[in-house]
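Student: Spelled out from the first residue to the last, the chains are:
2 protein chains.
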Amino acid sequence: MEDPWASGVRIGDAMAFAPRMRPIPLRDVTITDAFWGERQRALAEVTIPHEWDQISVQTPRLKNFRRAAGKAEGVHEGRYFDDSDIYKWLEAAAYSQALNPRPEVEAMMTEAIGAVAAAQMPDGYLNTFFQTKHPDLRWRNLGAMHEMYCAGHLFEAAVARYEAQGKRDLLDIAIRFADHIDAVFGPAPKRRGYCGHEEIELGLFRLAEATGEARYADLARFFINERGQGDSPFAAEAKDPEAVKLAPWHASLVDGTGAYIGGEYFQDHKPVREQTEIVGHAVRGMYLFSAVAEMAKTSPDEALEQASHAVWNNLTEKRMYVTGGIGPSGHNEGFTFDYDLPNRTSYAETCAAIGLAIWGRRLTEATGDAAYADVAERAIFNGCLAGINLAGNRFFYANPHESLGNDERVPWFDCACCPPNIARLIGSITDYAMSVSDDGLWVHFPVSSRFSARLGGATVGVEIEADYPWSGTYRLAFGPETPTEFTVRIRVPEWCEDLTLEFDGASEDAEFENGYAVLRRVWTPGEILKVEMTMEPRWLRAHPKVIDAVGKAALTFGPLVYCAEGTDLGFAAPTLFVDPEEEIAPVPAPFGTGLRALRGRAYRPDDEERPLYDGYEDLALQDVEATFIPYFAWANRGKTTMAVWFPVA
Amino acid sequence: MEDPWASGVRIGDAMAFAPRMRPIPLRDVTITDAFWGERQRALAEVTIPHEWDQISVQTPRLKNFRRAAGKAEGVHEGRYFDDSDIYKWLEAAAYSQALNPRPEVEAMMTEAIGAVAAAQMPDGYLNTFFQTKHPDLRWRNLGAMHEMYCAGHLFEAAVARYEAQGKRDLLDIAIRFADHIDAVFGPAPKRRGYCGHEEIELGLFRLAEATGEARYADLARFFINERGQGDSPFAAEAKDPEAVKLAPWHASLVDGTGAYIGGEYFQDHKPVREQTEIVGHAVRGMYLFSAVAEMAKTSPDEALEQASHAVWNNLTEKRMYVTGGIGPSGHNEGFTFDYDLPNRTSYAETCAAIGLAIWGRRLTEATGDAAYADVAERAIFNGCLAGINLAGNRFFYANPHESLGNDERVPWFDCACCPPNIARLIGSITDYAMSVSDDGLWVHFPVSSRFSARLGGATVGVEIEADYPWSGTYRLAFGPETPTEFTVRIRVPEWCEDLTLEFDGASEDAEFENGYAVLRRVWTPGEILKVEMTMEPRWLRAHPKVIDAVGKAALTFGPLVYCAEGTDLGFAAPTLFVDPEEEIAPVPAPFGTGLRALRGRAYRPDDEERPLYDGYEDLALQDVEATFIPYFAWANRGKTTMAVWFPVA
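For the protein sequence lines, the chains are C and X, in the order given.
Using our numbering, read the first sequence as starting at 1 and increasing by one per residue.
Using our numbering, read the second sequence as starting at 1 and increasing by one per residue.
Excised from the complex, chain C in its bound form (with noise of 0.2 Å):
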């Protein structure tokens, strides 16, 4: 019998990546953050062991995999994609341990390893759901059954954990995996075929870069080149009454002519190089677009990248909050036309605005263009942080952009995508803000923190303190050993009216490239950079197709978009009236830890005993304290009205 664990594959060989930059590597990183600092706290102390309880004790979600090992009686209950649960809550949980090692989460972690290990197959094969139920229809649905979705988010946990913590027992089973999939699909003899929600091509694109096997981008590229190529194959899996007995609602992807109708939930309404708008479900364009990013990094195709930049530009100018949350429509989870971002029904789930994130980062790397990590910072501390309360432990899926009091966050989800998304996405957060490059260091936004880094060929000591998103200063101090030549891109945000740099006590002039400050010079031992960033309350307006928007203004502070809430107004926040000329003033938050309000006069309407309805009189408006506190921690004191876009007095 051949042996699970043997592999040929050799770790870190040199490959043909030649990515514009790379994050710093976690195991390198000391966090000393205030603001990311107290996140990646909760992260460890109660999110992770939070998501294990409700993976392992309230749900039978590890106990699928035990199942599927012949280890527990019964057979695959939930969502035929739960298994993904555990993958994505692995990857959180190796970030986690390599910023706040804790002996306990190491256990889980083992516990689940050793169950996804006991569970996977001789051939390589897992997912418990098949295994347990349907084992002889493996591959036979790809629309709707995430059987590759599940296997990217292996493949991603498993890298995570081999780079953050140096362990590859996760890893090699992703290897055994990949190598199953690579050997039944591809171009002929191979089976041609793609998965309904992409996550497999990012996957395997990590794949590739930390084995070192270029087999797996390969494969990565095979999927979204053949993605809306001719025939669907789901369209195929729709008239399959096999495949249609594994998911019902999979029938009603082709008409009574037999033609195809699904496509543009799934992305495969056209090939990639030859879409121009942002269509469908919102991860799974998320996911398809930063796999993307990923693959004309490597290789150059300007096809790629004009679709990139157009769907890009699809989204961003005309189909994202002001949070960068997107996609409103909870019919498709997804987008709808230009300009539809409705405030109280919008669905923006927290998956999509990560997805955002992670499409940003992707782009910034492949381009250093400081214009999709605007995009990327906007999602992340808004759109993203949103999902999960400050305390760590309770999270939203749809994040509306105004409430009258019926929401507010819960402890898991029956699809329990979004908890431990949002947790893997704290737990790799410096992956967001800083780069290296083969020239230098790239600061996409600060985060304290210590870390060492190759930089122009030597291994630089690198310390950053700020008061990140509290404070537009921040520091930065190199340590090479000698002085070393290296360049360094400060990121000027899109918010940022003007960004000064101070060397050493001295303004230093910089020259700027795609939205970066560039510093290229001689670092020598203990020289301390300081960037200014102007950071003032700013009152924006949307485009007036915005129609919820109309008449409005919002309101933002550095990278932050603010709301208000009943709780601190007294009244319903959406009748709040503002007046974009009246001065605003940062103060202590009245709740949470370090969190910074905005206070300053507004306006309510004088609304005692009024008719439902009376000839039109301008409204009597009373002068309020209005507080405003950051949109990603509205929901934390209970059910109340909530308001991000308010009528202008």
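The reader is advised that the hints may include incorrect statements.
[Said to hold, decoys possible] Pairs of lysine-lysine residues, derived as DSS-like cross-links and limited to a Cα-Cα distance of at most 30 Å, are as follows:
| id | chain 1 | residue 1 | chain 2 | residue 2 |
| --- | --- | --- | --- | --- |
| 1 | C | Lys245 | C | Lys167 |
| 2 | C | Lys318 | X | Lys639 |
| 3 | C | Lys245 | X | Lys245 |
| 4 | C | Lys133 | C | Lys71 |
| 5 | C | Lys639 | X | Lys318 |
If you're looking for bench data, these hints aren't it; they were derived computationally from the structure.
Here the structure of chain C is known, so what remains is to put chain X in place on it, guided by the hints.
Tutor: The following block gives chain X in isolation, referenced to the frame of chain C:
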């Protein structure tokens, strides 16, 4: 064997009913009205045949009756309350035949009534779902299964056919079924119970009035009195496996502890006399309280009147759209909380607005207070009529109050309550317009017509000439054979700033009482009363807790609410800014027959090439000439954007 056609009921027996006012029998009315005449023409020529096609050809509704009679194969198909659609269609057809008789419609009615008669069981029971599928489970699930609801619509149809057409074929069927129900339900030793969907109460009151049989009114009172008293019968059903088999969702009416949690949806959360807010399913609530008004009008009952007023005030002062649409949420097809009146997602079921018109009419009849007629008129001319297209063959079930262009009426619904309901309203519109009481005539709103009525003890011919709702001026001519003393009451609508009366050319002072101008005098043949109501375009504002109307205004003209459509504007209607100070003038509508539009200067944002979000500046606005059309006439020219509430520039 019992003769199913024998009946001991004497038609027309005098009873204790003493309503303050009654409608004018449709047989005695000739409509000459441009507005309603056109709608009733479409009803006879288009709507009635179209709906008959849906009932008898496109769907198995009529076939279900043949199946119950053993004259067609198979068992009931469709929704278990589909019988009611035939009954409501028959009611509408009866009115239409009284107004615009057509032999082909009479043939349809004969066929339908024949099928109904053949299906009725020897004991009087009649419900094709239970007869063909669950004969052993009759009355086993009162909460979910609408058996009494269907019966109530049979009773209303039967009375309509008898009163409007003088034919008692359907009445005999109704009487037999009513007797059956009366034998089963009532005070001990009969069974306690009431229907999950109120309607039978209204049907029984009408049947009692038409037949003079007090038992039916007593049974209606029993159902109303028992509702919400002590244990709900629906709670016991929710624990009865046989009952739950009929409607699995019914099991969710009790929670894990066995506690009943379904009450508000059915208005049986507390006794009717203790209710103070309108809650739950909107149509159910309207039908219940319409019956309550009937009950209160025949037997003085202070607690019932107080509850009626409290619930009415809550509804009309806090939970009603400006169109008279009610029930904002699709989740429960009903009510949520005070001032929750979202525009884009408004459910505002057509049947609910019709129910509000019915309740308002019944309360007007019971109290003689025009405030109720004001609301009925608002619902009729806006929320109800929007449910049907101008041609008469397309319908809205839910009625948005803002559209981004995705809404259109359709020929029929799986749950098809609304199409025949709007048909019966249009057919019986004079019941809502004019009434007679012992001392004279009431004109709630004018419909050009000729009719004779018993006024002041004499039979008096009345002629009304109006151009309503386009003009506030109308004339009434009275033709008593000899001078006769009676009272004429003319409603002063709440939208009307000034109402003047002229009698044979000379202005006439009237007393005003409960919103009616009261003229008590001796009328001689040929005298003409001229009514002039100021009718000007009028901008409304809403209570500022109506969040979707904050900073906005809505346009009305007489009883009509106006809207704007993208078709006329050339841009998205919800981005139209208005200035209530600008002059607005009536103009012919660009479509329809005789419709009046309103036109005036308004504004649109200058939105060329603006980014999605940028620093706040007041919008640059351009002047536009904006056309507003009656809300009821929207969506008659294909899908387009629409708004009722406009931001004020």
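Student: Confirm or reject each hint.
Tutor: Verification of the supplied hints:
Straight-line distance between C-alpha atoms of C:Lys245 and C:Lys167 comes to about 40 Å, which puts the hinted pair past the 30 Å bound. A C-alpha spacing of about 22 Å is found between C:Lys318 and X:Lys639, which places the hinted pair at or below 30 Å, so the restraint holds. A threshold of 30 Å between alpha carbons decides the hint, and for C:Lys245 with X:Lys245 the separation of about 25 Å falls inside it, so the pair holds. The straight-line distance between the Cα atoms of C:Lys133 and C:Lys71 is roughly 15 Å, inside the 30 Å bound, and the hint therefore holds.
This hinted pair checks out: C:Lys639 and X:Lys318 have alpha carbons roughly 22 Å apart, not beyond 30 Å.
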